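**Q** Taking the hints into account, I'd like the entire structure generated from these sequences.
Taken in sequence, the protein lines are chains A, B and C. With the first letter of the first sequence counted as 1, position 147 gets the number 146 in numbering that gives the first Met the number 0; the numbers rise by one all the way through. With the first letter of the second sequence counted as 1, position 181 gets the number 180 in numbering that gives the first Met the number 0; the numbers rise by one all the way through. With the first letter of the third sequence counted as 1, position 109 gets the number 108 in numbering that gives the first Met the number 0; the numbers rise by one all the way through.
It is worth saying that the hints were derived from the structure and are not from the lab. Keep in mind that the hints are not guaranteed to be accurate.
Cut-off 35 Å, straight-line C-alpha distance, at most; resulting in silico cross-link-like pairs (DSBU-like, lysine-lysine) [as the list claims (entries may be wrong)]:
| hint | chain 1 | residue 1 | chain 2 | residue 2 |
| --- | --- | --- | --- | --- |
| 1 | B | Lys74 | A | Lys162 |
| 2 | A | Lys162 | A | Lys129 |
| 3 | A | Lys54 | B | Lys39 |
| 4 | B | Lys74 | A | Lys54 |
Between beta-carbon pairs, the in silico distance windows are [as the list claims (entries may be wrong)]:
| hint | chain 1 | residue 1 | chain 2 | residue 2 | range |
| --- | --- | --- | --- | --- | --- |
| 5 | A | Arg67 | C | Ala163 | 23 to 29 Å |
| 6 | A | Arg67 | C | Thr94 | 44 to 50 Å |
| 7 | B | Asp183 | C | Thr94 | 25 to 31 Å |
| 8 | A | Asn38 | B | Leu110 | 23 to 29 Å |
Just so you know, these numbers come straight off a predicted model, no measurement behind them. Where is the CB? At the ideal position from N, CA and C, for every residue including glycine.
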Amino acid sequence: MNNSADNHWYPVAMCSGIDDPRETQLLGRKISLGGTSGNFWVRDSEGRDLPVIEKYGHLWTSPGKPNRDLFDIPEADDVGRRLVDVGSVRVKCSPLRAVENFLDIAHFPFVHTDILGAEPHTEVERYDVKIHEDVDEIWATKVKFFQPQAAKSAGGGIITDYKYRVAAPTCAVLYKTSPPRPGEWDVITLFVQPLTEELCEVWPWMALYDDDAEMADLVSFQQMIFMQDRSILENQIPRKLPLDPGLEAPTQADLTSVAYRRWLKKIGYSYGAQVVAA
Amino acid sequence: MILYDYVLSASCYKVRLMASLIGVPLTLKALNFHPEKAHKSPDMLALNPEGTLPILIDGDDVLTQSPDMLRHLVKDNADWLGNDPVQTDHWLGFAAGLNASLGMARLHDILSYEADIDQVRRDGVTQLRQLEEHLTEQRIDGFAFLTGNAPTIADIACFPNTALAPDGGISLDPYPSIRLWMRDIRSLPNFIEMPGIHRLHELVTPSETTA
Amino acid sequence: MDWVAVALSQDLRNAMAMPARIDGTDLALWRSMSGQVHAWGDRCPHRGMRLSHGFVRGETLSCIYHGWQYGQDGGCTSIPAHPKLTPPKTICATTYQCVEDGGLIWVALNEVTTAPPTLSGKTPVRSVQINTPRHEVAAHFGDAEATIVNAVDMTLVLQSTDDAHCIAHVLSTADPKVASRWIEAQRAEIEGVAA
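**A** Structure representation (structure tokens):
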């Protein structure tokens, strides 16, 4: 299996937002893209066509030869879910730091205060983390956390259940209790486009059960949450994610992060990673 | 009062913050500014032909300029207007300059707006140095805020884009007087935060956190 | 390396943290509720977040990211995600020697046994960043090797932040506003020459 960063799928645009051909970057190289739904194209700097996939509201490409299809999110096809294009936010950080932060709950009381968490409800109880070798994904399950306002549709504080899934090196999916439908999971994703090793375009996307909220409120809520993270992500030292243990100090609450770093190392994904401890 | 609002806009935040500080309730109507550009929709252009946010509606009044909104909000709180209208005007104008420099650098860095990024950052640094010099002189005179010892709409107008400068790649590290001024604003009763401006967690006492 | 002035005492209030930099080394300066000042490496051992963004409660500094709390000796005293856990002693912020003298906060990156330089009874006015290397600023005032330069009724204590920038801490016997404007004019001249 070839695991170089080239051979993965990456989001490069929101399908609904491609008005004119444009240039962007992927893994440090210029690419161009354009077209209309069903006819999108992406080209490298020498004009060669790159493969394209139109899925989950976004246009995906790969500069290499992906050895598997884009990961599946079956919930995206559920009847009754609202699919929310959140748009992109650019962040001066490693794409891997962005994903790792998305997998983290312990920061909620301090970074998303009174929204996703609040003191004194800071405890992270033990949860399960598993690397699924067959599909090459990481799953964290049985994650619970007290949230003062878990989503736009949540009226007050509740214990929210979560599942986290690393579906690709720069893409993660979280499943959380849907406040209007406690038996169902809302799906919130973080698709990260690595522009360079220390700069990324982050494309959150959601598939929610929420019939009442205005679309603008749903988008605003998610942008607010992600922008609260941005000032953290731009101030971590080193900027690249250290894969070797020793430089940073994980605890039990960081099991997902530990598994993520171990998995990146195992599959040889080093773009945005600091492989040798400084 | 109704505020057509975008959660990441520094100008919208000026109005939300001012209203919160004086206890005036606002009905917020979130717009999908990004990625949908909803502020340029026909309905919104009918309300504000300039296609900008925020827009404040109070009865028949439709305000589209944030300095007008700040004045309107505090019309029954004269202390917030400051004692010297010339000074207040000066700083409201200065705030517009900050929006054009620091604010544009931020839109460039977050939402990929086209900008002459080196130029807007240079302009931003020049303005931050002016702000730092003024606030240093205010401190020498024993004043914590831009126009005296109490905050006014001048402070509220200048605060958001200043505090959010790092979002646009402009460091606030070199400005000790700006740092203390921002801290004083963040310490005001009923201060509210926005993404990129954290609340002061130190204001929660340890006893409250373990309660 | 010897003592380096990193800030004016008056610019760091009780229960407050701020960033500083010495020759490319990033620092978190913080003052406890009781007024004790500390200089630490600007990096939380947990996830590398800058501690200068953190918050002070009592005699501790907490990281803004996950609230990990550190006591005066730099040792981690609390991990909010695990309230019942006593943090292992190995989790420790990097600490540096830090003292206050003459209205300035001084930091030494290496062990020093001497006291910081004594200044001549002038009043601290302000700290100003100059986008010019320290030795060029010092040369402008007559001695490229100096870290303390005297000019009439002013004293400048220079802090090299990195290869391209330095901070001038200004002390003066003159009217502080005059001193403040004087350093602005000096900066314009120095940066103009350097450019």
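**Q** Against each hint, give a clear statement of whether it holds in the structure.
**A** Right, here's what the structure says about each hint:
no. : hint                             : verdict
1   : B:Lys74 <-> A:Lys162             : 50 Å, violated
2   : A:Lys162 <-> A:Lys129            : 11 Å, holds
3   : A:Lys54 <-> B:Lys39              : 27 Å, holds
4   : B:Lys74 <-> A:Lys54              : 52 Å, violated
5   : A:Arg67 <-> C:Ala163: 23 to 29 Å : 47 Å, violated
6   : A:Arg67 <-> C:Thr94: 44 to 50 Å  : 48 Å, holds
7   : B:Asp183 <-> C:Thr94: 25 to 31 Å : 29 Å, holds
8   : A:Asn38 <-> B:Leu110: 23 to 29 Å : 27 Å, holds
Hint check: violations occur at hints 1, 4 and 5; the rest are consistent with the structure.
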